[in-house]
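Participant: Next come the chains, spelled out residue by residue.
Number of protein chains: 2
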Amino acid sequence: LTTDLVIALDAMGGDEAPGIVVEGARIAHTRFPAARFLLFGKEEALKPLVLDGESFTKACEIRHTPEAIGAADAPAQALRRGRGSSMGLALRAVRDGEAQVAVSAGNTGALMAMAKFMFKTMSGISRPALASVLPTLQGETVMLDLGANVECDEDNLIQFAIMGAALARVILHVERPRVGLLNVGAEELKGNESVKRASQVLRETPLPLEFAGFVEGDGIGKGVADVIVTDGFTGNVALKTAEGIAELAFGLLKTAFEYSNLTRIGYVLAKPGLKRMRDHLDPSNHNGAVLIGLNGLVVKSHGSATASGFATAIGVAANMVRDQLCDRIAEDLKQVYPSGPEVTQAATS
Amino acid sequence: LTTDLVIALDAMGGDEAPGIVVEGARIAHTRFPAARFLLFGKEEALKPLVLDGESFTKACEIRHTPEAIGAADAPAQALRRGRGSSMGLALRAVRDGEAQVAVSAGNTGALMAMAKFMFKTMSGISRPALASVLPTLQGETVMLDLGANVECDEDNLIQFAIMGAALARVILHVERPRVGLLNVGAEELKGNESVKRASQVLRETPLPLEFAGFVEGDGIGKGVADVIVTDGFTGNVALKTAEGIAELAFGLLKTAFEYSNLTRIGYVLAKPGLKRMRDHLDPSNHNGAVLIGLNGLVVKSHGSATASGFATAIGVAANMVRDQLCDRIAEDLKQVYPSGPEVTQAATS
Chain R
-17 LTTDLVIALD AMGGDEAPGI VVEGARIAHT RFPAARFLLF GKEEALKPLV LDGESFTKAC
43 EIRHTPEAIG AADAPAQALR RGRGSSMGLA LRAVRDGEAQ VAVSAGNTGA LMAMAKFMFK
103 TMSGISRPAL ASVLPTLQGE TVMLDLGANV ECDEDNLIQF AIMGAALARV ILHVERPRVG
163 LLNVGAEELK GNESVKRASQ VLRETPLPLE FAGFVEGDGI GKGVADVIVT DGFTGNVALK
223 TAEGIAELAF GLLKTAFEYS NLTRIGYVLA KPGLKRMRDH LDPSNHNGAV LIGLNGLVVK
283 SHGSATASGF ATAIGVAANM VRDQLCDRIA EDLKQVYPSG PEVTQAATS
Chain C
-17 LTTDLVIALD AMGGDEAPGI VVEGARIAHT RFPAARFLLF GKEEALKPLV LDGESFTKAC
43 EIRHTPEAIG AADAPAQALR RGRGSSMGLA LRAVRDGEAQ VAVSAGNTGA LMAMAKFMFK
103 TMSGISRPAL ASVLPTLQGE TVMLDLGANV ECDEDNLIQF AIMGAALARV ILHVERPRVG
163 LLNVGAEELK GNESVKRASQ VLRETPLPLE FAGFVEGDGI GKGVADVIVT DGFTGNVALK
223 TAEGIAELAF GLLKTAFEYS NLTRIGYVLA KPGLKRMRDH LDPSNHNGAV LIGLNGLVVK
283 SHGSATASGF ATAIGVAANM VRDQLCDRIA EDLKQVYPSG PEVTQAATS
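Protein sequence lines correspond, in order, to chains R and C. Sequential numbering from -17 applies to the first sequence in my numbering. Sequential numbering from -17 applies to the second sequence in my numbering.
Where hints are given, some of them may not hold.
Pairs count within a copy or across copies, as identical chains cannot be separated in the list.
With a Cα cut of at most 20 Å, we get these calculated EDC-like pairs of lysine to aspartate or glutamate [said to hold, decoys possible]:
| # | residue 1 | residue 2 |
| --- | --- | --- |
| 1 | LYS172 | GLU186 |
| 2 | LYS236 | GLU192 |
| 3 | LYS236 | ASP264 |
| 4 | LYS24 | GLU225 |
| 5 | LYS172 | ASP200 |
| 6 | LYS257 | GLU240 |
| 7 | LYS29 | GLU169 |
| 8 | LYS178 | ASP55 |
| 9 | LYS204 | GLU229 |
| 10 | LYS40 | GLU80 |
| 11 | LYS257 | GLU229 |
| 12 | LYS172 | GLU49 |
| 13 | LYS178 | ASP137 |
| 14 | LYS236 | GLU133 |
| 15 | LYS178 | GLU133 |
| 16 | LYS204 | ASP264 |
Hints listed in this document are in silico derivations from the structure and should not be mistaken for laboratory results.
Bound conformation, chain R alone (with noise of 0.2 Å):
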């Protein structure tokens, strides 16, 4: 199925772009040996990584790119001036058919803004939103908007609902996903309007998945559900309080084994032990957000990511297209809108 699997990559996109995505690549390519990647990024930077004599250097394709995005330049400004950069070139080589996904570690305002206006938003989603998957104490769960919409309304929850399930389908392989909806309490009377209404459509219509109803914050880290739909405020602040928190704890266990001789003896004993903790909890293992609900597929590696985390980042997008995400979500969105989007939406407003 991956023997025609080609990857376009932003190679100039990152904090240490372009090594760390060609490491990736390389890391990636060790498992999925048949895929095939696009550089886009400068040459002269990109050969002496690529060059290593074996089967990794025949999957790539270096495609010169001298231009590319800045982490500081604003959606605008990149919908203007970067259609030529190699992030604009990475996401043009998926719309015309080139590769079948592309990923990026670059500016995330930039890469939403020009993905969107390339590849459009799918018929039936008013808004594409950004989605993740989590370490919990259960395993894992995806969650989204993690930071596309500041602002969402009832229609953008539930749609983020079916796209976060199919997604769901994809990565954590559950056939009917739980699906909670982010809330203040989880009582019905609880939250804000968008949220109240949302569930309430969730709750009655005949959907492929299985709603929760409400969940608190700390059923995030709990895992009560295989996905979590929240608006891109909420998503992205928790989200990130979260890896706050992470890295809260860690530094914490750091001081608490540096308290004595005894307690560093402690540590050596316990590192096996810590180490699956660590490898749990490490981002680099989590790493990869899909921009969900276009005609198109984008994945958005963090700007730090290491070189173990962008081959995540270029695994989920390799899943995405052996699984077919878009066709899954359209037709979910057909099970929603039988006579097109706009009967649910009469319908709840």
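Fit chain C to the given chain R structure using the hints.
Facilitator: Leaving out everything else, chain C in the frame of chain R:
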């Protein structure tokens, strides 16, 4: 200073009332020996708990109150029928000047509704907020709103900043607290309209605080500001997400130490260091959310708080009285609204 301190306790509020409440008061009594407690609850239940033939018994006065607000009662229900309940009478004792502050571990929605009704909102404040102190890598941070208002405009956020700064002065002893506005990015372009407008006013108005600009979710755990301001929806989700991730970390840590016999020995050796870590993150040491912005002081304890946690909440209450929190906020508000609150509201709209 604490000779006249009288604290009204809702002895029937919380998962394990009245046992935990009385035990908490007993611990608080050792820290504030001159404080008196008015205990509202069932006399037959309270009497045996209070009697120990020592000074604590003398510090307590039982006000027999058979009625109690249920955990599932809606705020409107509490307003209609809860005035004679243990929670209602504890609040009335503050309103009538019998006590300076009330503490309850009962139903949050009911407590907020009744406190708002009985105390009324301070002049210059549109809506009260729920504020609490959270552990960070640097020490502690005040955060608000944690769930009193699911929808907030820029004026609410500006007022939260002023009230949060006053609270940080009282609780964290920082004369000019750094106040950050929670957002999806640190750049000025980012966020919804409310945070953008609030940021502009906070940047341009001379206030008794240091405006630190936008703060992202990971800034909470890092402790980048003394006060974190956000709307009640985002704040509640972020707080509970943080609690969930802390639990996740401890859960994984437990599994890590159970990995093998060697890691189990490692745990025993590392225990003294780990205890300090747990103490820093222990919710009992950070219990006690303040409903700030009313003409009366009330502290909300976690419903599932331990006796030690309830004692912490009583401590927060005692410090607010000692440091005259309401007067400080009123003074700060005068700086912002020299000719009444309407001026700035007009300037921002």
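Participant: Is the C-alpha distance from LYS204 to GLU229 at most 20 Å within one copy, between copies, in both cases, or in neither?
Facilitator: Both. Shortest intra-copy (18 Å) and inter-copy (8 Å) distances satisfy the 20 Å Cα cut-off.
Participant: When no copy is specified for LYS24 and GLU225, does a C-alpha distance of 20 Å or less occur within a copy, between copies, both, or neither?
Facilitator: neither (33 Å within a copy, 45 Å between copies)
Participant: Evaluate LYS178 and GLU133 at a C-alpha cut-off of 20 Å and name the case that applies: within, between, both or neither.
Facilitator: both (15 Å within a copy, 13 Å between copies)
Participant: Given identical chains, is LYS236 near GLU133, meaning Cα to Cα at most 20 Å, within a copy, between copies, both, or neither?
Facilitator: neither (38 Å within a copy, 39 Å between copies)
Participant: Could you figure out if LYS172 and GLU186 sit no more than 20 Å apart (CA to CA) within one copy, between two copies, both or neither?
Facilitator: Within. Shortest intra-copy distance 18 Å satisfies the 20 Å Cα cut-off; inter-copy 35 Å does not.
Participant: Treating 20 Å as the Cα threshold, decide for LYS236 and ASP264: within, between, both or neither.
Facilitator: both (16 Å within a copy, 17 Å between copies)
Participant: Given a CA cutoff of 20 Å, do LYS172 and ASP200 count as a within-copy pair, a between-copy pair, both, or neither?
Facilitator: within (16 Å within a copy, 26 Å between copies)
Participant: Give the relationship of LYS172 and GLU49 under a CA distance limit of 20 Å: within one copy only, between copies only, both, or neither.
Facilitator: neither (49 Å within a copy, 25 Å between copies)
Participant: With 20 Å as the alpha-carbon cut-off, assign the pair LYS257 and GLU240 to within, between, both or neither.
Facilitator: both (17 Å within a copy, 13 Å between copies)
Participant: When Cα atoms must be at most 20 Å apart, do LYS204 and ASP264 count as within-copy, between-copy, both, or neither?
Facilitator: both (17 Å within a copy, 18 Å between copies)
Participant: Between the shortest in-copy and the shortest cross-copy C-alpha distance, which are at most 20 Å for LYS178 and ASP55: within, between, both, or neither?
Facilitator: between (37 Å within a copy, 19 Å between copies)
Participant: How would you label the pair LYS236, GLU192 (within, between, both, or neither) given a Cα cut-off of 20 Å?
Facilitator: Answer is neither: 40 Å inside a copy and 31 Å across each miss the 20 Å cutoff.
Violated hints for the displayed structure, listed by number in ascending order: 2, 4, 7, 12 and 14.
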